[in-house]
Amino acid sequence: MKTSKTIDHIKKIRTVSEEVKAKRKEFNTIKRTLLKALESGPKSIPQLAEEVELPIDVITFNIMTLRKYGDVETGEIDDSDEYFSYQLKQKK
Amino acid sequence: MSDQTNNYDVLVVGGGIAGEETALNLANIGYKIIMVEKDLSIGGKMIHLSKVFPTLDCSACITTPKVSETARHPNISIFTNSEVGEIEKISENNFTAILTQKPRYVTEDCTGCQLCEEACPVSVEDQFQYELVGRKAAYIPFSIANPRIAAIDIENCILCGLCEKVCPADCIDFTQEAIKTKINIKSVVMATGYQIFDPTIITRYGFGKFKNVVTAMQMERQLVPTRPFNAVLRPKDGKMPDNIAYVLCTGSRDDTVGNPICSQVCCMYSTKQAQLLMGALPMADVTIYYIHVRAFGKGFCEFYNQTVGMGVEYIKGKIGKIDEAENGDLIVRYEDIESGKVKEAKHDLVVLATGILANRDYQSMFKNIVLEPDKFNYVKQVNDLSSPSKTSIGGVFVAGTASGPMDIPDSILSAGAASAETASYLRRAYNEK
Ligand SMILES: Cc1cc2nc3c(=O)[nH]c(=O)nc-3n(C[C@H](O)[C@H](O)[C@H](O)COP(=O)(O)OP(=O)(O)OC[C@H]3O[C@@H](n4cnc5c(N)ncnc54)[C@H](O)[C@@H]3O)c2cc1C
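Each protein sequence line maps, in turn, to chains A and B.
If you read the first sequence in this note's numbering, its first letter stands for residue 123, the second for the next number, and so on.
If you read the second sequence in this note's numbering, its first letter stands for residue 78, the second for the next number, and so on.
Derived by calculation from the structure, the hints in this document are not laboratory data.
Any given hint might turn out to be false.
Stated by the list, open to error - Coverage of chain B stretches by chain A, computed from C-beta distances (three or more under 8 Å per stretch; other residues unrestricted): (1) 197–207; (2) 315–326.
Unchecked claim - Some but not every residue of chain B turned toward chain A, in silico, with C-beta under 7 Å: (3) 210; (4) 235; (5) 238; (6) 251; (7) 252; (8) 305; (9) 306.
Ideal Cβ placement from N, Cα and C applies to all residues, glycine included.
Whenever a hint applies, use it, and build me the whole structure from the sequences.
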């Protein structure tokens, strides 16, 4: 079994590209924006698109991603059976 | 037969259904197998499919027992996240090769607890969900992966070290490096499978630009229980589709994209998906645009007739162009082959039945000898009727879609031929000694 942290080893031989850093930052910003928008209650993707300044496909991708990561859960479907709403997941 | 660490009877390249079947057949009669798989898990494409035509059996349910049997077999050593190269033929029954194990940065003691995944702050597109959703840079490839061990995507890792901090079993190891090992083998089976046609090449279909144009593999993922979304939804706006179109022969039977041959599986997998969609979305209309429907296998024609009976519309039509309306719907412009007229139809989701292409990886694996391609770049079968797995090199055999497009039953059949011919090659040399 290892005893020391190996991250220090790789830090000496690898650098993180600007692109990777930017991608991480972008995800963080989108995550914060979407979670904040859901604080006031469940919303469908078109409703989110009206509220936040992000392209609708970016919202869909990231809502589904946040769902997978356990930050968001699926709510009800609307009366015309078209759009589900998504809501913040209550963390235990 | 041979039992030293780097000596094996058969090198099986590729751990899809064809590779697994070949390895199991040979391992069960006592041969020692090394299976080299370039992905993080074995299982090939089949492990990612929803159900299989024409029986609609669950694909993962059929393939996971085979995956586990392969992984647990005492005569099979599996190297995932690995590649093989510099294969050299010294003489009959005597090959050497260089195995490269790429670092996973996670040791085999990983319990698959996913705490590293939870802690990782990076999110990138998940290749195992065909880019429909994100995944972390520290991740378990997919829920039924084998081995179910996390991996660090070092290209996208920000080296924050959080994964290492939270790992309760102390399995993260950033000191790992690529390991190269010389192996000695007596024969080789190429089971490297196929590649999927990249539909961005046909720009008039709008794939990549119009998010509601998806590939059949993306639809497969939407139809499995471990799907990327909570239901079958449009990737653009999360709407539940109710009018879905299939474009058959996307990248197959098309000289303009360099692939003039039929992919053998698209008619039937589209028919299968249409049936599954009618189950998942009972109110939806499904239209399949085709040039010819090729329902050539056992039970295929009945399956097609059943699908027509369920209300799926088959239109003999060639797609000219796909445009996007403001609400994300898609305007499909096509030539109605029956009437000879150009028509337009509106759909809210379009699935491109993307074809199968040769995986040319084998072309750079050999050192002192050439494994000949056929004219479509698949591994050439030198005698495809009487010895279907024989290639241009004695002792090197081919199994599954590495030799041409085919479905799962035919890949299994082809693996049967490859294992029989490999066994006979090994036996012949043994007897001659
Ligand atoms: C959308 C879609 C739906 C389908 N649905 C069905 C269906 O319902 N029923 C059916 O019968 N068929 C279906 N098929 C076809 C089916 O996927 C194939 O018949 C089957 O997967 C072929 O298995 P294989 O082992 O030959 O290849 P693959 O599944 O491609 O496996 C090849 C393996 O080799 C590995 N590999 C590749 N290159 C290397 C390398 N250089 N070194 C090491 N390893 C390597 C790959 O990572 C992979 O694990 C479908 C295909 C598609 C695209």
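Consistency of the hints with the structure:
Check result for the stretch 197–207 of chain B against chain A: holds, 4 residues qualifying (beta carbon to beta carbon below 8 Å, three or more required). Only when three residues or more bring their CB closer than 8 Å to a CB of chain A does the claim for the stretch 315–326 of chain B stand; here the count is 3, and the claim holds. Evaluation of the residue 210 of chain B hint against chain A yields a held restraint, the C-beta minimum of about 5 Å falling below 7 Å. Satisfaction of the interface hint for residue 235 of chain B is found here, the shortest Cβ-Cβ separation to chain A being roughly 5 Å, below the 7 Å cut-off.
About 3 Å separates the beta-carbon of residue 238 of chain B from the nearest beta-carbon of chain A, less than 7 Å, and the hint is met. Evaluation of the residue 251 of chain B hint against chain A yields a held restraint, the C-beta minimum of about 4 Å falling below 7 Å. The interface hint given for residue 252 of chain B holds, since its Cβ lies 5 Å from the closest Cβ of chain A, which is under the 7 Å cut-off. Nearest Cβ of chain A to the Cβ of residue 305 of chain B: about 6 Å, under the 7 Å cut. The hint holds.
Of the supplied interface hints, the one on residue 306 of chain B holds, with its beta-carbon coming within about 5 Å of a beta-carbon of chain A, less than 7 Å.
When the structure is compared with the earlier hints, no violation turns up for any of them.
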